[in-house]
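Peer 1: Chain by chain, the residues run as shown.
There are 2 protein chains.
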Amino acid sequence: MSPFAAENTGAKNLGTKNPGARIVVPVALEGRGYEIHIGRHQLCEAADLIAALAPGAKAALVTDERVAALHAQAFEHCLQLSGISAVRIEIPPGEASKSYSRFITLCDSLLSAKIERNDLIIAFGGGVVGDLTGFAAAVLRRGVRFVQIPTTLLSQVDSSVGGKTGINSPHGKNLIGAFHQPVLVIADTALLDTLSEREFKAGYAEVVKYGLIDDRDFFDWCEANWSRIIAGGPERDHAVAVSCKAKAAIVARDEREEGDRALLNLGHTFAHALERLTNYDASRLVHGEAVAIGLALAFRFSQRLGLCPGQDAVRVAAHLDAVGLPSRLSQVPGGAGSADEIVTAMGQDKKVKRGVLTFILARGIGKSFIAPGVAAEEVKAFIETELAAA
Amino acid sequence: MSPFAAENTGAKNLGTKNPGARIVVPVALEGRGYEIHIGRHQLCEAADLIAALAPGAKAALVTDERVAALHAQAFEHCLQLSGISAVRIEIPPGEASKSYSRFITLCDSLLSAKIERNDLIIAFGGGVVGDLTGFAAAVLRRGVRFVQIPTTLLSQVDSSVGGKTGINSPHGKNLIGAFHQPVLVIADTALLDTLSEREFKAGYAEVVKYGLIDDRDFFDWCEANWSRIIAGGPERDHAVAVSCKAKAAIVARDEREEGDRALLNLGHTFAHALERLTNYDASRLVHGEAVAIGLALAFRFSQRLGLCPGQDAVRVAAHLDAVGLPSRLSQVPGGAGSADEIVTAMGQDKKVKRGVLTFILARGIGKSFIAPGVAAEEVKAFIETELAAA
Numbered sequence: 001m002s003p004f005a006a007e008n009t010g011a012k013n014l015g016t017k018n019p020g021a022r023i024v025v026p027v028a029l030e031g032r033g034y035e036i037h038i039g040r041h042q043l044c045e046a047a048d049l050i051a052a053l054a055p056g057a058k059a060a061l062v063t064d065e066r067v068a069a070l071h072a073q074a075f076e077h078c079l080q081l082s083g084i085s086a087v088r089i090e091i092p093p094g095e096a097s098k099s100y101s102r103f104i105t106l107c108d109s110l111l112s113a114k115i116e117r118n119d120l121i122i123a124f125g126g127g128v129v130g131d132l133t134g135f136a137a138a139v140l141r142r143g144v145r146f147v148q149i150p151t152t153l154l155s156q157v158d159s160s161v162g163g164k165t166g167i168n169s170p171h172g173k174n175l176i177g178a179f180h181q182p183v184l185v186i187a188d189t190a191l192l193d194t195l196s197e198r199e200f201k202a203g204y205a206e207v208v209k210y211g212l213i214d215d216r217d218f219f220d221w222c223e224a225n226w227s228r229i230i231a232g233g234p235e236r237d238h239a240v241a242v243s244c245k246a247k248a249a250i251v252a253r254d255e256r257e258e259g260d261r262a263l264l265n266l267g268h269t270f271a272h273a274l275e276r277l278t279n280y281d282a283s284r285l286v287h288g289e290a291v292a293i294g295l296a297l298a299f300r301f302s303q304r305l306g307l308c309p310g311q312d313a314v315r316v317a318a319h320l321d322a323v324g325l326p327s328r329l330s331q332v333p334g335g336a337g338s339a340d341e342i343v344t345a346m347g348q349d350k351k352v353k354r355g356v357l358t359f360i361l362a363r364g365i366g367k368s369f370i371a372p373g374v375a376a377e378e379v380k381a382f383i384e385t386e387l388a389a390a
Numbered sequence: 001m002s003p004f005a006a007e008n009t010g011a012k013n014l015g016t017k018n019p020g021a022r023i024v025v026p027v028a029l030e031g032r033g034y035e036i037h038i039g040r041h042q043l044c045e046a047a048d049l050i051a052a053l054a055p056g057a058k059a060a061l062v063t064d065e066r067v068a069a070l071h072a073q074a075f076e077h078c079l080q081l082s083g084i085s086a087v088r089i090e091i092p093p094g095e096a097s098k099s100y101s102r103f104i105t106l107c108d109s110l111l112s113a114k115i116e117r118n119d120l121i122i123a124f125g126g127g128v129v130g131d132l133t134g135f136a137a138a139v140l141r142r143g144v145r146f147v148q149i150p151t152t153l154l155s156q157v158d159s160s161v162g163g164k165t166g167i168n169s170p171h172g173k174n175l176i177g178a179f180h181q182p183v184l185v186i187a188d189t190a191l192l193d194t195l196s197e198r199e200f201k202a203g204y205a206e207v208v209k210y211g212l213i214d215d216r217d218f219f220d221w222c223e224a225n226w227s228r229i230i231a232g233g234p235e236r237d238h239a240v241a242v243s244c245k246a247k248a249a250i251v252a253r254d255e256r257e258e259g260d261r262a263l264l265n266l267g268h269t270f271a272h273a274l275e276r277l278t279n280y281d282a283s284r285l286v287h288g289e290a291v292a293i294g295l296a297l298a299f300r301f302s303q304r305l306g307l308c309p310g311q312d313a314v315r316v317a318a319h320l321d322a323v324g325l326p327s328r329l330s331q332v333p334g335g336a337g338s339a340d341e342i343v344t345a346m347g348q349d350k351k352v353k354r355g356v357l358t359f360i361l362a363r364g365i366g367k368s369f370i371a372p373g374v375a376a377e378e379v380k381a382f383i384e385t386e387l388a389a390a
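Sequence order for the protein chains is Y and B.
Position 18 of the first sequence, counting from 1, maps to 18 under UniProt numbering, and the rest follow consecutively.
Position 275 of the second sequence, counting from 1, maps to 275 under UniProt numbering, and the rest follow consecutively.
If you're looking for bench data, these hints aren't it; they were derived computationally from the structure.
Here a beta-carbon is modelled for each residue, glycine too, at the ideal position from N, C-alpha and C.
There is no bait here: all hints are sound.
Here are the simulated EDC-like pairs of lysine to aspartate or glutamate, each with C-alpha atoms no more than 20 Å apart in a straight line:
hint, chain 1, residue 1, chain 2, residue 2
1, Y, Lys380, Y, Glu341
2, B, Lys173, Y, Glu116
3, Y, Lys173, B, Glu116
4, B, Lys173, Y, Asp108
5, Y, Lys173, Y, Glu95
Beyond 12 Å from chain B on every Cβ pair, some chain Y residues (computed):
hint, residue
6, Glu65
7, Arg198
8, Ile230
9, Ala252
10, Asn279
11, Ala318
12, Ala322
Taking beta-carbon pairs under 8 Å as the criterion, some of the chain B residues facing chain Y (in silico):
hint, residue
13, Ile104
14, Cys107
15, Asp108
16, Val139
17, Leu140
18, Arg141
19, Pro170
20, His171
21, Leu175
22, Ile176
23, Gly177
24, Phe179
Could you build the full structure based on these sequences and the hints that come with them?
Peer 2: Given below as structure tokens:
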């Protein structure tokens with residue numbers, strides 16, 4: 001028996017729509033709590049839940065052109081069965097859609113569709129769709145409810161949970177946005193079957209992250225089960241559920257990132273710098289790949305500082321290597337840049353103040369902590385060693 | 001002795017900056033409460049309060065070109081005395097600045113000025129500056145604190161209090177925005193000395209509104225003291241303070257307009273229609289003038305429905321006439337349009353659903369209530385009578 005069977009509802013093949021087993025993770029936020037429903041073939045169930053949330057309301061289904069081609073008709077069919085007529089709004093796929101101009105177009109499309117305060121906006125896509133749509137929902141008529149239906153592993157385990165929404169400015173990523181919690185998240189893990197191997201693995205880096213933050217048992221389990229997570233068995237649902245639970249617990253403690261929520265940035269200070277230095281060019285490095293390198297670096301940096309046992313840093317990198325994710329700066333296609341360039345790129349991060357960086361470091365696997373006083377010089381010396389070792 | 005002396009702090013001419021007497025009105029919102037400071041020559045006091053709110057923080061001072069020419073240097077001098085170096089950002093005056101494009105420009109100016117999450121944004125101007133700046137503050141880095149220093153009577157008694165921020169879309173006014181409470185409001189009533197008579201009186205319509213909603217004594221007092229409010233004596237401070245208190249009480253009960261806050265729309269369903277029909281052309285009709293006509297209409301409509309004594313409806317109109325505010329549709333320069341046009345323009349209001357309007361009606365002066373089921377036909381018949389009587 002798998003280690004997670006006890007968490008399933010056992011509600012297999014209920015009714016005529018044949019949904020798979022479903023795991024429900026609550027996000028406990030005073031007055032704004034909601035549920036994450038995880039499982040295979042949940043779209044028709046989702047439609048029923050949406051209909052129950054807003055009887056008689058109109059809905060707007062915001063999606064990108066790629067997701068629309070694969071899944072929109074099936075989902076719209078479910079919505080119709082549940083009595084919801086939804087207006088479909090498509091955006092171009094890719095980070096470029098998190099722009100001021102796309103935000104304006106989306107807001108005006110929602111207004112043209114006469115979406116009112118009591119209606120619902122559904123974000124059906126990956127992180128770009130979720131972040132942009134969530135932000136539009138946050139500010140349309142000063143706030144309309146929205147539902148997240150993430151279609152990538154990355155968005156199922158990270159961006160769809162926790163209410164961070166936003167768009168990019170020429171000054172940087174996610175600089176314009178809002179905390180706006182969804183009223184429901186549906187993580188249909190069967191949708192992930194259509195992801196490319198590269199995209200799936202990139203999302204997997206964020207799954208591993210939750211083990212590294214504070215759940216060594218989960219990391220152990222990931223090491224043993226990662227191929228089954230990719231294959232799409234119940235292990236995939238379990239991995240998504242554990243990730244969502246971990247994120248939900250942190251968000252419930254610290255919704256607006258005034259403390260603990262920063263732990264979710266494990267590996268991300270390095271990752272953001274690498275993304276910046278590769279010009280956010282997805283053909284070179286996608287976010288999850290940058291995070292994978294960042295996780296390995298965070299552990300080796302913690303080891304160098306005498307905080308973390310060397311064997312843990314080695315295990316982290318070995319697992320990323322086994323999965324086929326990068327774990328070293330030398331694996332950045334086209335090169336990551338010099339130590340100076342990397343530290344300068346880190347300096348543009350929101351978490352830097354006057355040459356002192358706030359880092360997430362680790363005393364071992366599952367023992368991460370917030371380190372607010374890391375000198376940029378120390379980081380630079382570490383990166384130089386990393387670059388020399390390559 | 002004036003009826004309001006007991007409410008003053010008596011802190012006249014304290015220190016070297018010679019502020020006038022100050023009235024402090026608290027806005028009681030769980031975890032987000034703040035104070036409104038009302039009095040003459042409060043700018044240097046304001047700078048001290050701002051410095052205390054955010055020691056060592058940077059500040060951005062957003063203002064319009066007209067206000068800047070009159071008051072910015074004086075205020076910046078006060079900020080310097082308090083140790084705050086503020087970056088000034090000027091926007092063109094007028095409703096056209098509540099646009100998507102101005103919003104983007106403002107956000108990018110704030111980012112260029114390196115305003116961080118712990119810094120402060122100061123809105124120094126009328127309703128346009130406050131609404132636009134408040135919205136930018138709401139979404140910049142997912143929320144930066146902001147201070148309202150309203151410079152018009154209308155914004156001192158209405159828009160600066162309560163946290164409604166927003167911009168216009170081609171689909172309508174204030175359709176994109178956020179609830180984002182300021183951390184401090186400074187209503188320096190000496191700034192109002194520079195307003196034109198027309199602008200001052202337009203703001204006065206919103207003052208009268210608070211008496212009409214639920215404070216008959218205040219309406220009585222307004223009838224007796226309106227000329228002193230305009231002249232700028234302590235009566236002006238009292239009028240602003242009573243208005244802010246009334247609004248603060250309603251906002252504390254119903255921050256997000258799910259109930260009682262709708263009372264603040266007394267006269268506004270008519271007013272918004274008239275503004276729409278005059279194309280928001282300030283040379284024809286400004287918001288406060290439209291509200292004045294709307295207030296008189298709301299009372300005559302309530303009288304026609306048998307709800308309100310005729311003498312109260314007459315008193316409302318007589319007071320507006322005495323002050324020099326319009327109270328009849330015939331006073332709309334260029335004409336208000338036909339009854340059909342007016343009802344159709346009302347139909348575009350957020351508060352209309354399938355031919356049934358939510359109106360604020362009155363059982364008398366100080367006895368307003370929310371009437372959710374008013375038939376458009378009944379409104380149309382009333383407007384026809386009004387137009388025929390002109």
